[in-house]
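Here is how the chains run, residue by residue.
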Amino acid sequence: MSLILDHVNYIYGGDTALAVHALKDINLVIPDGQFIGLIGHTGSGKSTLVQHLNGLIKPTSGGVYFNGEDIHAEDYDKKKLRSKVGLVFQYPEHQLFEIDVFTDVCFGPKNLGLSRKETELRAYAALKQVGLEDEYFYQSPFDLSGGQKRRVAIAGVLAMKPEILVLDEPTAGLDPKGRDEILDQVAKLKEETGITVILVSHSMEDVAKYVERIIVMNKGSVLYDDAPKEVFRHYRELEQVGLAAPQVTYIMEALRAKGLPVAADATTIEEAKQEILRALGKERR
Amino acid sequence: MIRDITLGQYYQADSVIHRLDPRVKLVATICFIISLFVVESWIGYVIAALFLAAVIKLSKVPFKFMVKGMKAIVFILLITVVFNMFLTPGEALVTVWKLTITKEGLRLAAMMAIRLSFLIIGSSVMTLTTTPNSLTDGMEKLMNPLKAVKVPVHEVAMMMSIALRFIPILLEETDKIMKAQIARGADFESGNLVKKAKAMVPLLVPLFISAFRRANDLAMAMEARCYRGGEHRTKMKPLQYKRRDGFAYLTLVCYLTVCVLSNYIL
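Protein sequences, first through last, are from chains A and B.
Each residue of the first sequence is one higher than the one before, counting from 127 in the numbering used here.
Each residue of the second sequence is one higher than the one before, counting from 168 in the numbering used here.
In short, the hints are calculated from the structure, not lab data.
It cannot be assumed that every hint is accurate.
Taking CB as the label site, the calculated pair distances span [what the hints assert, rightly or not]:
1. A:HIS133 with B:SER357: 30 to 40 Å
2. A:SER187 with B:ARG186: 29 to 39 Å
3. B:LEU406 with A:GLY257: 53 to 63 Å
4. A:ASP203 with B:PRO405: 55 to 65 Å
5. A:ASP203 with B:LEU337: 28 to 38 Å
6. B:LEU371 with A:LYS205: 44 to 54 Å
7. A:LYS303 with B:LEU244: 36 to 46 Å
With the Cβ distance kept under 7 Å, some of the chain A side facing chain B (calculated, not the full set) [said to hold, decoys possible]:
8. PRO157
9. LYS205
10. ARG208
11. HIS220
12. GLN221
13. PHE233
14. GLY234
15. LEU238
We treat Cβ as the ideally placed atom computed from N, Cα and C, and that holds for glycine.
Generate coordinates for the entire structure from the input sequences, incorporating the hints supplied.
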């Protein structure tokens with residue numbers, strides 16, 4: 127069970143004067159059960175890349191393989207692929223259309239040709255997974271708040287029971303509270319079901335807390351693909367491509383420069399606290 | 168999938184045709200269309216074809232972009248040709264069952280086909296070489312005399328430029344929503360007509376909502392900048408005729424004269 131991108135290139139508007147080479151020779155292996163952060167500046171090709179993962183875009187050259195099968199082969203069942211690789215677009219609340227929340231979430235599983243009972247069970251489970259209270263189930267999706275709408279839209283994809291869940295900037299335009307809630311929910315989901323999650327973002331801060339692997343995109347290429355600690359070690363290079371390491375990285379670096387013997391690879395506030403306490407304790411002794 | 172529509176889409180290039188005043192291009196397009204219906208001889212069509220070919224060559228827009236616009240009217244073209252072929256009375260050539268292809272019908276069908284395709288290609292040249300904004304600017308200026316009879320020229324032009332501006336935005340939005348629904352297993356391609364129409368609901372509802380939202384935002388943004396119509400409004404880039412525009416008009420007059428003359432001489 128894995129997704130492999132093999133020398134993927136993609137060019138927008140191939141035959142016009144405005145051709146853009148959006149992806150350049152991307153090679154990635156996405157194994158089962160990983161929590162991955164895909165990070166890049168606006169226009170770095172993140173969104174284009176994720177649309178390759180479920181076959182919405184066909185690479186100009188190169189191949190995408192799901193469980194060893196070429197997803198662009200003639201007889202490949204793309205609908206099945208799309209249920210296995212669930213893609214939540216940016217501002218997913220813009221895709222809501224049904225008369226009530228529950229029916230909207232049913233749309234995905236219904237398209238898979240499941241029985242009515244199975245469809246409704248899945249919709250219910252998905253809405254519970256995103257933490258939406260029962261009282262909203264039969265309201266119009268357009269009456270909900272921004273954060274709630276977004277959860278409904280994510281539930282719409284979850285209801286298809288994907289093995290890989292791709293979230294394209296799930297926190298864009300939300301307030302800090304809404305952002306934390308969504309990300310916590312995703313992390314919980316990941317823990318409970320063990321599915322692969324790919325979190326697309328331009329904010330290191332968002333991602334650092336949750337993921338175990340970070341892929342940094344820049345101008346259509348993969349710049350780094352490593353564990354968060356390793357990636358943040360390059361914080362100076364990250365700045366040059368318009369990104370930044372989490373704030374704690376900077377604090378730790380500054381402390382080190384002042385002579386406190388801390389390891390500078392802490393990525394979350396909790397880790398940083400432990401590390402500083404450890405270093406201080408050592409000094410006192 | 169929906170990006171195939173070229174009619175009304177600007178192709179960026181640096182050419183004489185691109186730099187012409189939009190008024191010239193508008194007038195020229197109208198004249199060209201009229202000329203297509205004025206000429207009645209084959210030699211006239213050859214002249215029109217040469218003129219069109221020269222303009223396309225000058226515009227530096229690849230020819231395949233013009234042909235793309237043709238796709239949209241293939242159906243209309245086919246119907247016109249078939250009807251003209253069979254329903255024009257005259258000297259019979261071939262009779263299939265009750266249908267007769269006449270010599271006059273064949274001639275008329277061919278002429279109609281040429282007229283329609285030239286018409287589309289001709290107007291594509293204009294829209295491909297002129298940004299929607301300058302096009303409406305040109306229109307506003309051309310229709311200015313109508314203000315005397317209380318035609319809200321500025322408002323009409325503004326509506327047009329907003330409508331044109333929204334075409335690519337809505338196309339992009341459609342593409343995005345379509346992809347989002349496909350990712351949820353929606354199927355827009357297979358099934359019969361009823362099924363296909365039903366499949367459009369998940370696309371159209373979000374599209375309408377987003378169109379309303381955008382319209383609302385735009386109205387707000389315009390009001391916030393004190394927009395209140397055409398009265399006393401000045402332009403950042405006022406249209407001004409240059410030398411090349413004079414040449415273009417001259418060429419146009421020559422072309423029209425030749426076209427009209429071709430009817431009498433031959």
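Results for each hint:
{"no.": "1", "hint": "A:HIS133 with B:SER357: 30 to 40 Å", "in the structure": "32 Å, holds"}
{"no.": "2", "hint": "A:SER187 with B:ARG186: 29 to 39 Å", "in the structure": "37 Å, holds"}
{"no.": "3", "hint": "B:LEU406 with A:GLY257: 53 to 63 Å", "in the structure": "58 Å, holds"}
{"no.": "4", "hint": "A:ASP203 with B:PRO405: 55 to 65 Å", "in the structure": "59 Å, holds"}
{"no.": "5", "hint": "A:ASP203 with B:LEU337: 28 to 38 Å", "in the structure": "31 Å, holds"}
{"no.": "6", "hint": "B:LEU371 with A:LYS205: 44 to 54 Å", "in the structure": "21 Å, violated"}
{"no.": "7", "hint": "A:LYS303 with B:LEU244: 36 to 46 Å", "in the structure": "59 Å, violated"}
{"no.": "8", "hint": "PRO157", "in the structure": "22 Å, violated"}
{"no.": "9", "hint": "LYS205", "in the structure": "6 Å, holds"}
{"no.": "10", "hint": "ARG208", "in the structure": "6 Å, holds"}
{"no.": "11", "hint": "HIS220", "in the structure": "6 Å, holds"}
{"no.": "12", "hint": "GLN221", "in the structure": "4 Å, holds"}
{"no.": "13", "hint": "PHE233", "in the structure": "6 Å, holds"}
{"no.": "14", "hint": "GLY234", "in the structure": "4 Å, holds"}
{"no.": "15", "hint": "LEU238", "in the structure": "6 Å, holds"}
In this structure, the hints that do not hold are numbers 6, 7, 8, in rising order.
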